[in-house]
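Protein chains: 2
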Amino acid sequence: MNKINNPKLDTWSEILKRPTKTIDDIEVTVKEIFKEVQKKGDEAVAKYTSIFDGIALENYEVSSEEIQEANSSISEELKAAILLAKENIYKFHSAQKTDKISIETTEGVNCWQEKRPIQKIGLYIPGGTAPLFSTVLMLAVPAGIAGCKEIVLCSPPDKSGKINPAILYAATLCGVTKILKVGGIQAIAGMTFGTKSIPKVYKIFGPGNQFVTVAKQLATQFGVAIDMPAGPSELLVVADDTAVPAFVASDLLSQAEHGTDSQVILVSTSKRLIQAVEKEIQIQIEELPRKAIAKKAIENSKLIYVENDQIALDLINEYGPEHFIICSQYDDFYCNGIINAGSVFIGNYTPESAGDYASGTNHTLPTNGYAKNYSGVNLDSFVKSMTFQKISKEGIQKIGSAIEIMAEAEGLQAHKNAVTLRLKSLKERG
Amino acid sequence: MNKINNPKLDTWSEILKRPTKTIDDIEVTVKEIFKEVQKKGDEAVAKYTSIFDGIALENYEVSSEEIQEANSSISEELKAAILLAKENIYKFHSAQKTDKISIETTEGVNCWQEKRPIQKIGLYIPGGTAPLFSTVLMLAVPAGIAGCKEIVLCSPPDKSGKINPAILYAATLCGVTKILKVGGIQAIAGMTFGTKSIPKVYKIFGPGNQFVTVAKQLATQFGVAIDMPAGPSELLVVADDTAVPAFVASDLLSQAEHGTDSQVILVSTSKRLIQAVEKEIQIQIEELPRKAIAKKAIENSKLIYVENDQIALDLINEYGPEHFIICSQYDDFYCNGIINAGSVFIGNYTPESAGDYASGTNHTLPTNGYAKNYSGVNLDSFVKSMTFQKISKEGIQKIGSAIEIMAEAEGLQAHKNAVTLRLKSLKERG
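As they're listed, the protein sequences go chains A and B.
Residues 1 to 430 in full-length UniProt numbering are what the first sequence lists, from first letter to last.
Residues 1 to 430 in full-length UniProt numbering are what the second sequence lists, from first letter to last.
A few of these clues could be false.
The list treats identical chains as interchangeable, and a pair is accepted whether it falls inside one copy or across any two copies.
As the list claims (entries may be wrong) - Taking lysine-lysine pairs in the DSS-like style, the calculated list, with each CA pair at most 30 Å apart, reads:
#: 1; residue 1: K115; residue 2: K291
#: 2; residue 1: K178; residue 2: K8
#: 3; residue 1: K196; residue 2: K17
#: 4; residue 1: K178; residue 2: K47
#: 5; residue 1: K162; residue 2: K178
If you're looking for bench data, these hints aren't it; they were derived computationally from the structure.
Since this is a predicted model, take the numbers as computed values, not measurements.
Okay, chain A solo, but in the shape it has when bound (with noise of 0.2 Å):
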């Protein structure tokens, strides 16, 4: 851990530097295979399934019966989990649904936006160790919240061509139209061009390996939209002697387990307390499965001591957390303050857990960086908004003129020339 001692802010930017990738040499590789899926659709997801997850399918859909089984296969303990976690994500993302925004701007200028579904969309879920059951929840539940009508699913198939039950249970539970057992690099390129078996959805969700994000990033110069720019995983926990401990050492442990490259900082007015979550950590990462990982985030994760807590705040908003832990006398203050994070947890109760299953909140939420630009995946991110005006004669009469006199400025006589039409008609009649 690299304890640092109330840093002046010409260092920052230093400190908070984010480790970069070169994607180059990735990129090479994506732009083959999507050139190939493009030209020769599923003969090429074939070949590309059979080298990445080695295993040739003859029927990418998962099928009713496979559906079953992994129904039957699953206690019932951890479906009872996945359906309380499913009602609170419905119940915050139905809160989110907005009305249609009416206004007459001027009189007899009608202006209204109404907001419409995506029709079809493609949520991407990685296979591997860690079966992201939850994130199938956290894009399908607000997918049919917002009335997306298709909503596909990719998943790389195991050795044995299956997908693990917990995703196929939480699939079906949340209305997903469509399971196919398909992964990586070719699962993107084939819901970006579509093939015969992978429908062309318009946008992207999910998150992914670094092949993912590429690839991700490259379906976009075709049409399609993605969530997010997408980077490790990241945690900031801002506390003070209010704080406990041992609690505050196992969110940031939780964050290290993720990934190596996982970021995990604590930023604290109380140098007691960075000495009491330093210890805590020690003792906590020696029982984790994962303690390999963790010791290896944990290596790189920085402690960070401050003079007060606007130091605290100016620097945090600095970084822009994607995960942001308040444990703090003064959360208020860091409530009101914070404008770059994704998602913020208050008080020793809240853990980043809690947000990462079932508190309601989504959990695709920005890193790298990115909550200084992007929301966290929310219900809009299924909506798109639209804009409607209906004029009448009254009230092209009253604005008419004005964009008249604006076309012309801007050297657009057609333009003018469409009201000044309306306008003649409207005096020859009158």
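Add chain B to chain A, keeping to what the hints say.
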């Protein structure tokens, strides 16, 4: 004009195909300039300003003298028109403010969503023959309502080192905090990396030629967000015999004058109307100063006859037009059924140019089929939504076990542990 009669479903995608451009050769130039600006800052900006704009500037920032000069050079008539437009844009975008959304998902588990402004934004306004001061209003007004702290505007200088006075007037009126005489790729690169003269921003908005478009796309690879990917402007009109052919023709032409690559489509259930509009276009086009451009665009335009309104609607949703005018006795049918469009104009007295300038809706809209997955610029484009959660001791006891079960099932022991520790401490105390 291409008249298409009752096209079969399987020909739609061919008929509605937009021209695609290869950007590979542009990309090389853009990447080079980015690299140079990243490395050499203002020195590179000066070099490319000299190459592309043909001028050497000592100072990129517009001075207060230049602003005063611009102010006094604009007619009172134009100022009044700009003020009217600004007022309507302000009203419509202010109405889009959303309250904090707060909900107790489980007893003791409080979740809320709040929006915070993006702190630093950049607006790009092209120079050239059409000085788009209206776009300044469309971007700077909502940025001001959102509370963005730094609003930087870049626009290329003309040969005498000036920016069009109407652009300066609109920018000052709307609270732009810094106006810079920098254009093209070097402006986008400057706002991406920051130079001595050009502040680094978090999100870049605004139109531009294909160099600017590619530059904005590249900026996203360096952590900057953009408003949306851009393409040539588009208009689709659906009209029946209740429409006035001269009005429809004037709208189609107002779109056609934008550029030779503008997309202009008329869909109708009336062959009579199609013929009448065609005639009107031929008359009106001769009067336009930008006749040459409009004629090229009209050559590629499409007049599509379909048998009924349901087919028309399906076809329009398949296309996803940027601008969509409805002049039909069934306007409600189209308003309710349209899913993919940027902005919708209803009735004979609602020309597209009203939305371009003064109705109050935003004119920065998704083109190129992006209406299927992107919103037009609106108040939310200038903010990020953040989530908060605060869980009480009772709350964590209610959802804690679900979190433990799910974390364990995902193989994330430290995530579970963060909850277990808290539950245990409550049990011990309780």
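Results of checking the hints against the structure:
{"no.": "1", "hint": "K115 <-> K291", "in the structure": "neither (46 Å within a copy, 37 Å between copies)"}
{"no.": "2", "hint": "K178 <-> K8", "in the structure": "between (53 Å within a copy, 28 Å between copies)"}
{"no.": "3", "hint": "K196 <-> K17", "in the structure": "between (44 Å within a copy, 21 Å between copies)"}
{"no.": "4", "hint": "K178 <-> K47", "in the structure": "within (22 Å within a copy, 53 Å between copies)"}
{"no.": "5", "hint": "K162 <-> K178", "in the structure": "within (15 Å within a copy, 57 Å between copies)"}
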